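Colleague: Numbering (UniProt numbering), first residue to last: 1 to 261.
Treat the hints with caution; some may be incorrect.
[To be verified] Below 25 Å or equal to it, Euclidean Cα-Cα: the simulated DMTMM-like pairs (lysine to aspartate or glutamate) are: (1) K150 / E138; (2) K203 / E138; (3) K150 / E131; (4) K94 / E180; (5) K203 / D129; (6) K94 / D76; (7) K139 / D129; (8) K203 / D141.
Derived by calculation from the structure, the hints in this document are not laboratory data.
Keep in mind that this is a model prediction, so the values were computed, not measured.
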Amino acid sequence: MNTCRSLARGLNICSPQLRHLLAQKPFNSARLLATKAPKDHKASGPTTIGPSGDILVPPVTLKVIPFRMPPDLPYDDRNMLLGRQLSPHLSIYKIQLTSTLSAFLRISGFVLAVFVWFVGISGLCLQGDMEGFIKKVEKCDCHGMVTMAKVMVTMPFAYHTVAGTRHLIWYLNKFLTIPEIYATGYVAVALTIALSAFLLAVKVGEKVKEEVVDLTKTKKGQKAKKEAPKDAKKDAPKDTKKEPKKDAKDKKKDEEGKSAK
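Sequences and hints are given; from them, build the entire structure.
Modeller: Here it is as structure tokens:
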């Protein structure tokens with residue numbers, strides 16, 4: 001506004017030719033009102049170059065607006081209103097195989113540690129021994145719960161074993177390139193699934209039913225053996241020695257010997 005007023009006052013004073021020139025070419029009027037800037041000046045808006053090569057800075061128009069007090073919000077709330085993601089934030093990272101496997105390695109170790117602590121503390125607090133508790137679990141009809149517990153134990157155990165072996169191989173300065181790291185990651189996932197399936201298939205602690213064989217029953221194609229009669233006399237063993245029969249003379253000698261005594 002002030003610039004326009006000074007321009008209007010100047011037009012009344014200047015000659016009619018200059019007044020006509022300014023009225024016909026507003027670009028020249030802006031050039032005349034502009035000021036020279038130093039050569040090192042970098043203009044942020046549209047600039048005009050003068051005849052001598054100097055940069056002419058256009059006049060600045062100021063607008064007065066009433067001051068508004070910004071709302072007193074915390075730092076996180078202000079960034080959320082502006083739509084800014086705060087770091088660390090999982091949503092700003094792209095899901096990768098390497099970071100996922102690394103996170104699951106820590107999670108599996110934590111799960112196994114909790115399981116070991118749970119078994120130890122429950123063994124101290126439960127009445128009786130652990131064998132009795134296992135027998136009670138076997139007697140109850142809760143196969144779904146037992147299978148779920150096996151999965152929750154075997155999956156972290158299998159993955160922690162395979163991924164831990166993978167990390168130990170890295171300590172030998174092997175498989176450290178990006179393609180090899182991704183390849184070993186896929187191999188670790190496949191081995192984890194195979195090992196956990198094998199552990200779930202193995203049946204530990206189940207008693208094998210003993211098959212009772214009835215020898216009296218004959219198999220197909222065989223004739224039944226005839227049983228010997230109960231009244232039949234048993235033959236004497238072959239190894240027994242037969243005593244010789246004594247004669248009449250020998251009997252008399254034995255009797256005389258007894259009487260003499």
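Colleague: Does the structure keep K94 and E180 at a Cα separation of 25 Å or less?
Modeller: Cα-Cα ~20 Å, so holds.
Colleague: Does the structure keep K150 and E138 at a Cα separation of 25 Å or less?
Modeller: holds, 14 Å
Colleague: Given the hinted pair K139 and D129, is their Cα-Cα distance within 25 Å?
Modeller: holds, 16 Å
Colleague: Mind checking the alpha carbons of K203 and E138 for me, to see if they're no more than 25 Å apart?
Modeller: holds, 13 Å
Colleague: With the threshold set at 25 Å, check whether the alpha-carbon distance from K150 to E131 stays at or below it.
Modeller: holds, 18 Å
Colleague: Is the straight-line distance between the alpha-carbon of K94 and that of D76 25 Å or less?
Modeller: Answer holds: K94 to D76 is near 23 Å, not above 25 Å.
Colleague: Please verify whether K203 and D129 have alpha carbons no more than 25 Å apart.
Modeller: holds, 22 Å
Colleague: Hinted pair, alpha-carbon criterion (25 Å max): K203, D141. Please report holds or violated.
Modeller: Satisfied, since the Cα-Cα distance of roughly 17 Å is no more than 25 Å.
Every hint, counting from the list given before, is met by this structure.
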